[in-house]
Amino acid sequence: PANVLVDDEGDPHILDFGLAKAVDQAGTEEALTPRVPRAGLVLGTLFYLSPEQAVGAPDEIDLRTDVYALGVMLFEALTGSLPFDTTGRPAEVIQRMLETPPIPPSSLSKQVDGELETIILKALEKDKACRYQSAKEMAEDIRRYLEGEPIRAWQPSGLYVLRKKLWKRRRLAAALGVVVVAAVVLTLGSLWHQARSKQRQWAQARRAAVKLQRDLEAGADVLGRARAFKDQRPELCEALLICAHAEHRSERAYGTAIPSLESALQRDPSLWPCRALLAEMYRDAGDAERASALREQAQRDAPDTAEAWYLRSFSTLDRQHAMRCVQQAVQRDASHVLAWERLTYMRVQVGDPDGALQAADRLMELGQTTQGWTAFKGRVLAQQGRFREAMEHFTRAGAYLDRAHTYRRLKEYDKAVAEYTRLVETQGGPVAGAWVFYQRATPLWILGRTDEALADYERFRILLGRPFYSDARAFFILRELGRQREA
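Here the sequence shown is numbered in the UniProt record's numbering, starting from 1 and rising by one per residue.
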């Protein structure tokens with residue numbers, strides 16, 4: 001509803017309580033939900049009315065009325081929809097609210113599982129005696145759900161006994177309801193925010209694994225990064241596999257990969273991807289018998305699911321086999337975002353730019369960042385020499401650095417300098433900005449603007465804080481300018 005807003009940290013705030021009030025001017029305690037002046041008169045926001053409010057029954061309104069409203073809010077927050085059809089005249093909507101069961105939220109959102117659906121539907125019971133008896137009780141069940149404990153909605157309880165107790169002390173309960181509901185809303189928001197934050201961090205770590213594996217397969221020396229990633233995310237299977245793969249490739253760490261994987265399997269024998277990668281390493285080491293036993297066991301343990309095929313792509317030293325595994329993953333689940341991302345990078349590496357462009361389109365269809373993947377498509381097109389098409393993508397993505405690089409490759413140096421200058425004026429961190437100065441200096445030099453080029457090289461050297469090729473280029477410019485001593 002409009003009087004509940006969520007801030008940037010994910011915390012909800014009640015802006016006003018509508019018709020409700022906790023204490024009147026005479027000090028009398030009132031209910032959170034509105035007390036209508038006579039039977040049959042309906043007050044409140046239509047879509048959040050409980051059945052007892054909808055029929056205009058003032059004596060039936062209590063804390064469980066607020067529970068119903070919270071159930072509607074939770075339903076809407078998780079599914080983006082209301083729990084019933086809201087089309088038609090108000091009288092028709094109220095009739096459906098009174099007679100039609102709520103839409104199962106799991107049918108509208110995959111993130112709603114059976115237990116969460118039970119909590120929501122219990123809050124939306126038409127018979128208030130079957131709902132949670134308070135917002136606090138509902139919050140406690142949600143806390144148990146988020147922490148993996150059994151929820152109490154499955155268990156019978158003395159709801160009618162509690163109903164009578166609440167009725168006898170309805171004024172006190174109603175006054176406390178204001179505080180309870182506000183506290184519950186804030187508690188729910190905090191708990192949900194914490195859970196969502198952990199999910200985001202986990203998703204970010206898995207995306208980071210895709211990029212690290214991409215660099216590893218491209219031949220980069222990622223040993224240090226891989227070990228740091230493993231230390232940061234020891235529970236992430238991809239982190240263990242990438243680190244072992246990097247150690248196996250590195251002359252500095254060769255011989256440490258097998259013991260590392262063996263140790264991981266001792267801690268958790270269910271890590272079949274580690275067993276599959278270990279089999280290939282034993283094969284390379286010449287121990288065919290050990291390799292065969294590990295491979296057979298890994299094949300028995302690995303399920304035939306999209307996620308398992310995705311993990312298989314990390315548990316092989318053969319890039320072509322990894323590609324086939326990722327293709328199997330997206331065949332089994334066309335919405336597996338990580339598999340599509342991995343497939344996109346791999347198609348670039350094996351020289352299939354058209355396939356990479358198609359995979360990038362699929363990622364955008366799945367709701368991934370349009371700006372980032374549009375810029376990626378531009379870089380793929382630029383690698384093919386299709387600079388004008390690439391420039392269109394960079395422009396749409398606001399990728400000014402890529403635009404500047406492309407202008408350089410097109411030998412349109414004035415435009416390149418203009419794009420680099422735009423970045424210099426908007427760049428954030430000093431180290432990131434240092435490279436823009438370095439890149440702008442070259443077209444300036446080519447254009448004969450040697451003093452400006454020299455200034456950029458010198459500024460780059462100061463910001464970077466260590467020797468670089470820019471020193472040699474500055475030397476040649478000083479020689480051209482006849483400033484031998486400075487050179």
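Please keep in mind that the hints were generated in silico from the structure rather than gathered at the bench. In this text the structure is predicted, and so the values were computed from the model without any measurement. Yeah, the Cβ is synthetic: ideal placement off N, Cα and C, and Gly gets one too. Some clues are possibly wrong.
Said to hold, decoys possible - Straight line, CA to CA, 25 angstroms or less: simulated PhoX-like cross-link-like pairs of lysine-lysine: (1) Lys136 / Lys126; (2) Lys211 / Lys198; (3) Lys136 / Lys122; (4) Lys110 / Lys122; (5) Lys110 / Lys198.
Unchecked claim - FRET-style restraints, in silico, Cβ to Cβ: (6) Val4 / Thr421: 19 to 27 angstroms; (7) Pro269 / Asp215: 24 to 32 angstroms; (8) Gly255 / Asp354: 36 to 44 angstroms; (9) Glu262 / His321: 41 to 49 angstroms; (10) Thr421 / Arg143: 51 to 59 angstroms; (11) Gln297 / Gly255: 17 to 25 angstroms; (12) Val4 / Gln111: 48 to 56 angstroms.
- Holds or violated: Lys110 with Lys198, Cα cutoff 25 angstroms? Within the cut-off at roughly 18 angstroms; holds.
Worksheet item: In this structure, is the beta-carbon distance linking Pro269 and Asp215 contained in 24 to 32 angstroms?
Response: Given range 24 to 32 angstroms: holds, Cβ gap about 30 angstroms.
| said: Taking the Cβ atom of Gly255 and the Cβ atom of Asp354, is their distance within the range 36 to 44 angstroms? | reply: 41 angstroms, holds
Discussion item. For the hint 17 to 25 angstroms, verify it against the beta carbon of Gln297 and that of Gly255.
Written reply: 23 angstroms, holds
- For the range 19 to 27 angstroms, tell me whether the beta carbons of Val4 and Thr421 fit it or not. Distance hint for Val4, Thr421 is violated at roughly 46 angstroms.
Problem - 25 angstroms limit on alpha-carbon distance, applied to hinted pair Lys136 and Lys122 - result: Between Lys136 and Lys122 the Cα gap is close to 14 angstroms, so the pair holds against 25 angstroms.
### Message
I want to verify a distance hint. Is the separation of the beta carbons of Val4 and Gln111 within 48 to 56 angstroms?
### Response
20 angstroms, violated
Check: Given the hint that Lys211 pairs with Lys198, does the C-alpha gap stay at or below 25 angstroms?
Finding: The given pair, whose Cα atoms are some 20 angstroms apart, holds under the 25 angstroms limit.
- Could you grab the alpha-carbon distance between Lys110 and Lys122 and see if it respects the 25 angstroms cut-off? Measuring from Cα to Cα gives roughly 19 angstroms; hence the hint holds.
| message | What's the verdict on Lys136 and Lys126, does the C-alpha distance respect the 25 angstroms limit or exceed it? | response | 19 angstroms, holds
Check the following: the C-beta atoms of Glu262 and His321 are separated by a distance inside 41 to 49 angstroms. 22 angstroms, violated
- So does Thr421 sit 51 to 59 angstroms from Arg143, Cβ to Cβ? 54 angstroms, holds
Violated hints, in rising order: 6, 9, 12; the structure is consistent with all others.
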